[in-house]
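Protein chains: 6
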Amino acid sequence: MNYLEYPKRLKATIEQLSREESYQSVCHRHYPDQPMPSSRVLGEIVDLLREIVFPGYYGDSPTRPASISYYIGVNVEKLYDLLRQQIYAGLCFDCHHTNREDLLQRKDRAAKITLDFIEKLPQIRHLLATDVEAAYVGDPAAQSSAEVIFCYPAIRAITNYRIAHELLQLKVPLIPRIISEMAHSETGIDIHPRASIGHHFTIDHGTGVVIGATCIIGNHVKIYQGVTLGAKSFPLDEDGNPIKGIDRHPIVEDNVIIYAQATILGRVTVGANSVIGGNVWLTTSVPPESKIIQEKYRHSGFVGGDGI
Amino acid sequence: MNYLEYPKRLKATIEQLSREESYQSVCHRHYPDQPMPSSRVLGEIVDLLREIVFPGYYGDSPTRPASISYYIGVNVEKLYDLLRQQIYAGLCFDCHHTNREDLLQRKDRAAKITLDFIEKLPQIRHLLATDVEAAYVGDPAAQSSAEVIFCYPAIRAITNYRIAHELLQLKVPLIPRIISEMAHSETGIDIHPRASIGHHFTIDHGTGVVIGATCIIGNHVKIYQGVTLGAKSFPLDEDGNPIKGIDRHPIVEDNVIIYAQATILGRVTVGANSVIGGNVWLTTSVPPESKIIQEKYRHSGFVGGDGI
Amino acid sequence: MNYLEYPKRLKATIEQLSREESYQSVCHRHYPDQPMPSSRVLGEIVDLLREIVFPGYYGDSPTRPASISYYIGVNVEKLYDLLRQQIYAGLCFDCHHTNREDLLQRKDRAAKITLDFIEKLPQIRHLLATDVEAAYVGDPAAQSSAEVIFCYPAIRAITNYRIAHELLQLKVPLIPRIISEMAHSETGIDIHPRASIGHHFTIDHGTGVVIGATCIIGNHVKIYQGVTLGAKSFPLDEDGNPIKGIDRHPIVEDNVIIYAQATILGRVTVGANSVIGGNVWLTTSVPPESKIIQEKYRHSGFVGGDGI
Amino acid sequence: MNYLEYPKRLKATIEQLSREESYQSVCHRHYPDQPMPSSRVLGEIVDLLREIVFPGYYGDSPTRPASISYYIGVNVEKLYDLLRQQIYAGLCFDCHHTNREDLLQRKDRAAKITLDFIEKLPQIRHLLATDVEAAYVGDPAAQSSAEVIFCYPAIRAITNYRIAHELLQLKVPLIPRIISEMAHSETGIDIHPRASIGHHFTIDHGTGVVIGATCIIGNHVKIYQGVTLGAKSFPLDEDGNPIKGIDRHPIVEDNVIIYAQATILGRVTVGANSVIGGNVWLTTSVPPESKIIQEKYRHSGFVGGDGI
Amino acid sequence: MNYLEYPKRLKATIEQLSREESYQSVCHRHYPDQPMPSSRVLGEIVDLLREIVFPGYYGDSPTRPASISYYIGVNVEKLYDLLRQQIYAGLCFDCHHTNREDLLQRKDRAAKITLDFIEKLPQIRHLLATDVEAAYVGDPAAQSSAEVIFCYPAIRAITNYRIAHELLQLKVPLIPRIISEMAHSETGIDIHPRASIGHHFTIDHGTGVVIGATCIIGNHVKIYQGVTLGAKSFPLDEDGNPIKGIDRHPIVEDNVIIYAQATILGRVTVGANSVIGGNVWLTTSVPPESKIIQEKYRHSGFVGGDGI
Amino acid sequence: MNYLEYPKRLKATIEQLSREESYQSVCHRHYPDQPMPSSRVLGEIVDLLREIVFPGYYGDSPTRPASISYYIGVNVEKLYDLLRQQIYAGLCFDCHHTNREDLLQRKDRAAKITLDFIEKLPQIRHLLATDVEAAYVGDPAAQSSAEVIFCYPAIRAITNYRIAHELLQLKVPLIPRIISEMAHSETGIDIHPRASIGHHFTIDHGTGVVIGATCIIGNHVKIYQGVTLGAKSFPLDEDGNPIKGIDRHPIVEDNVIIYAQATILGRVTVGANSVIGGNVWLTTSVPPESKIIQEKYRHSGFVGGDGI
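Protein chains in written order, with our numbering: chain A, 1 to 308; chain B, 1 to 308; chain C, 1 to 308; chain D, 1 to 308; chain E, 1 to 308; chain F, 1 to 308.
Hint data in this document are derived by calculation from the structure and do not stem from the laboratory.
Mixed in with the good hints, there may be bad ones.
Said to hold, decoys possible - Under the rule of at most 30 Å between Cα atoms (straight-line distance), these lysine-lysine pairs were calculated in the BS3-like manner:
hint, chain 1, residue 1, chain 2, residue 2
1, E, Lys11, F, Lys120
2, A, Lys8, B, Lys78
3, C, Lys78, C, Lys107
4, E, Lys78, D, Lys291
5, A, Lys78, A, Lys112
6, F, Lys291, D, Lys291
7, E, Lys112, C, Lys107
8, B, Lys291, A, Lys291
9, A, Lys244, B, Lys291
10, D, Lys8, E, Lys112
11, D, Lys296, F, Lys291
12, B, Lys171, B, Lys120
Kindly produce the complete structure, drawing on both the sequences and the hints.
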């Protein structure tokens, strides 16, 4: 191939990729001065929140009683500034033909929501303290609750969930989802911010856990890696599209334990104090105190070195 | 222990680790001027590709129609330079006794492959647009296709797969595998670049999904987290080693849905329009329109607080 | 809302979050000069260790025989300095009322442990070489053992495990756990550093694998993604808390293969040369040479577009 | 000293530093949403401008004729966004009691000024090309004009000056000064952005050069390191403060050369084609074609090893 | 040249550079656990100090009266930790054969000095406020004292000087010198930390200013770029080495102005209210109210295009 | 102004800036695979060289005799790789119409030069040790030679000079100039790499020093800040351009001291053991043992507050 061909072929592809019919369905148009949500800044926000909620574990804040308020003061103020902008970006994400007045109103709303959210932080910290306690008490391998806070991926995932859930309650679009996907990528635990989860919640190991948007989970619930609390089917509208917003995920009552890889689908109820064994496929409700396990395995004749 | 002992003991270990018999089986020798693939640069390449394919979502490119071609132009040119070097590094990875002429030929081949790959980008973008559409239509929790592109890990994993697949078609060694492992680490979704996957493909949640090298997946297929499309057994050669390159993974026909944690192994066919329930172990073919679920669970007597 | 309200409300929340009763159960107090473990530094340590064990794959060390000892020398010395401090931080993590003499003793112990650990590196490298060999031989998709070292997440996870295991043997607190969680986050593979694992160990794909603290795994064992080797129940003490330190995870003998998503719980033994099929729930021992698979699936009548 | 004293003494100092009477005269109050100029961003802006003006020298833009417009397009668009914000920050710097309407007007003005400035770039490039030519022709040590652009600090300083001067013409406060101080710190050359300087201007070596705010410099002027074109005295107002804005620096006509360390002060004129020798102290006008040097040195009796 | 020669020749040079006789006079031996001063950390320290002294100008601290104490609190605490370590490193810099007890004593001393220094900050801020005022009042080009703080290199240099001077008073070795060299590199202004300088001190432009170790400068002094207040000769000891610690630099009394490039050497006194013209060489004392300028220049016959 | 005007006006300016007649005289064309010199990499190279020459001062290399060779080994190997590429880039800088064969020859030449340069390092270290000694002995303010190496800008500038000089001797284009400009920017000391400078050379304070390309400086010479050793006039060729390569800078013989701001121009000789006073303008030779000072100042009647 002739070297002179290169620029020509590159140029041709660039032109093709720049045609509106090529990019129009996968392109996000944002207007000047209309901020985009930023994963990097949301990462900073989550770090700040972890630092505020669990003083002395993250960041470089020492925890002398004499100085803790300086650090919390600075972190809360930084949080206020960064989060306000991201919420504003979230509020603008799908506003394609806005005028200035409208943008200013969204900006004000973002400030108000941010403040409302910050006022929830003491309560979020309180809830997370129960989750830490549950993880520590329930895991014979845990040496201390400090180790739980410092190392356990479940605490990171549940922290992000509790933050994202509160933001969603305050009607922030998009941002809660990004925050929960950040925890999903970090821990393999995927909790939809719309799910409702009680106190003393714990997840062991956690990789592959999925908790759907309309789940309701009681207090003192423990689930293991690979557990799905999902939807079984979506009622379709007259155009054949799934109807949005219908309750379609399980209700898990207080004190339930669900073992690894169990899949529970649909608006079914797992009664209080039940134990669901691993790898079970469950699409019906079970009463309180149930103990469910998979049908017993069978023996089989295999062939081949690595085969089954 | 005497402090003077430290340098002596460190030195002894360093010498032991520097002996050829210690490192020879785990050491990669690369010659001067022979480039190594770089995860960091491949990360930049994937970012550039995401930015090119989905303008306005990643990076800082605004998407005024007037300026989009500048951004695509710069990104495609940067891509050409970075990817050419990585492909060259891939082509050199296992060439241990090369001469200069041979290296130059590989360099030329890398340039040619890079250009061929770039010319596929409009088509890759088109395919990914169908995947985005499928994810949006099929998920009642999705607010917009913008949210799908911005947040859904499946889109990231499928993007990396479609890139890596195209590179493998162009006979690039190693690099496609690294690109798919990057998505695997980020999303928990492990799609072998050699697999063949139709349009409107979607994965929900996705953590733990495995799609093997010789899989053939039709159009409009949807799979959930934890699904394995794997190999059941590997025919061995006369030395007892698995024979490489044999078709050993499932064929999944159009419009199939596979629920969470199902494991489908071997060169079996899942017929069109089938639905495979969660946690199923399937090692035989099923005809079109099949609806398969796990044998019903049983009740069991448990003991202990946290036991099963 | 009045703009003057903002500072007032922020201030009030800051004060609430700074009250001892709010933070006391989730706060880590560390004293001046008492170092905190650092994830960032532990990340550097793992990178150094990978670079030392697998020369030429990570970092920028070329592998001319003439110069390899310089690189190993520098990396081992850096490792000594960084690891010593992190082990010291680990030894101090829960020492809340120490005096200076006590801190100095911990510092000396940290130095001694670090040196003992470094002297194990040749042996760790030797074991990892067997794991690489097993992965290469057992995977028809692997092109070379170089590809295995460079790309396979299992090698990263097993490397971190073998490092963390050795540190735990040397009675280092906390640090081994952080190192294994780093691999967990990166690969989805969660191996407790206390588990005992033989040579030629391999994990395919790996996302969702969990190997518990008291597991004993023989030689030439291969497991697939989503496999759990976990605890079934925890004996409780008289206060209703799980008793810590009891053997509660499976024993897997030599040459066993366990397929995707199988869940094996409790102190059961999987006899040598057995094959456990995917998605099996196994809570009893099986003799050598067993071939276990899930009960056959059943057909079911589904409704709905996306339903099951 | 007792260890308990530390927190107490730190706290006391913190309180003292936080008292309004301590900080009021050295504190900058900026209101929420009122941006501060950022040295870091202004650094990026200068880099972008250098990259736009001198394609192929800075940044990573290749200069194939086919692709240069992509790079200039992207860089100009980035410049527009970044500079607009910094100019806005400059316009807000001293507005302590603004309302929203006022801020929006400043924002619009910033956008307008930025665009006006960008339209001057072709002319700025043209002027700088004459400066490069003058430096190359006038320096026997210069190998090529490429070397001049790539290495000569004077080109960096004059580039910043020509940018800052244009911004000042457009009535941007503060930002021009920061841009000229950036060059001052990098090169030791301190040109006030208000000075007026003709084409083909060149400075050799440059460290210590000072060119005051009301200087007027003709075409084809060359000055050496350490030259000061400064003010001799400042007329005072009735309160004894210097009156601002009066012409108080020299006029240097065409084709003048001024050698190292010469100090020329006051509103004097150095006539065309003059040469001013080094280390001269000049506070009066000199006619065209003047050749001025310092009074001849004298011999002196010194004592001591290192003495004079 | 044969390619095999390269490793051999590199190895030979490495061995030569590693011989003790080659490196002994230019090598710094530091013992394990003996910290080295770090330019990077000292840079952070200077940034913190600037942020504490001038709230709202540096860093990201807003300056709402309600929150300023949080920021000062956090910055002072960070300063305490970082500076303590650097002072400790300074105290250890030349201690080649120390024992542990000795190191601990230096560590305690470092903590004590750091605290003493921090208690001087209110006073340092007060002095710097006078310097800012002097620069603003004395420069017709200055728009506001905010511009002076934000842009003027002299303020940066004098800030570093006042910090370094205080540390030297507290007998910290090495660190003050590094801090003043940092300002020297940034601004071209070289003030020895041992010099004594009164309030309302200002330097205009500043590049090339040198103020020697034993200078005594009164109040309300203003000096211009290139001014040297240096030593004329050093009395030698009997071995011919300069005697250290002798007063050898000028005394400049109150209200003196010294113009650009003046060189004043030796223990001479410039009397109060004097004005020293530029480029003057002065090695004798002058009485109060003196007005000194260089001998008048002369005219000269030049030849050549660029010549003098 | 209408908002729709913005994109239009930006686009027009971009087009203007992208026209060949606009950029042609200030644009550097570099061909694909033709490397550009990189200031960032040259910065790393200088850091490596400082670390190799002065072990224990820069970087993180400890200096236990047992381990120093590892660090020097790694640093020299890194230097070989980085410097080879930069020299190659330098050799290609002005080769606009090269073919591949030509590029390969330049690459080989770069490797050979790099190796030749590295073999000079022991000698460069030896020379720099004499410079350190001279600075320590000659400065009453210096506490130790360690302080000199760690803090004195002159050592940094002279180190860069000695490196750049050696590279120029080996006929490397451009790179030596960039290295000396890096020191110029950092220290204000501008030594042309072509100058020839003997051992025990020292510069005090240094800001503003200029040493021209054809200077010859003997041993044991000391110069102060602001000293220029420059060219007086450039003979012109018949086209009126300065003739390049002619000896045009001073010769300074052994044991000379030159005080601050002295300007010595032209191919004159300052005889051995001479002392040149500050602010002198010297354009003729002076014999050995000369003591030269500026003509005595005069008194003058000034007016105005800040005037002269």
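Hints versus structure:
no.	hint	in the structure
1	Lys11(E) <-> Lys120(F)	holds (14 Å)
2	Lys8(A) <-> Lys78(B)	holds (16 Å)
3	Lys78(C) <-> Lys107(C)	holds (17 Å)
4	Lys78(E) <-> Lys291(D)	violated (59 Å)
5	Lys78(A) <-> Lys112(A)	holds (16 Å)
6	Lys291(F) <-> Lys291(D)	holds (27 Å)
7	Lys112(E) <-> Lys107(C)	holds (23 Å)
8	Lys291(B) <-> Lys291(A)	holds (27 Å)
9	Lys244(A) <-> Lys291(B)	holds (25 Å)
10	Lys8(D) <-> Lys112(E)	holds (13 Å)
11	Lys296(D) <-> Lys291(F)	holds (14 Å)
12	Lys171(B) <-> Lys120(B)	holds (14 Å)
Of the hints listed earlier, the one the structure fails to meet is number 4.
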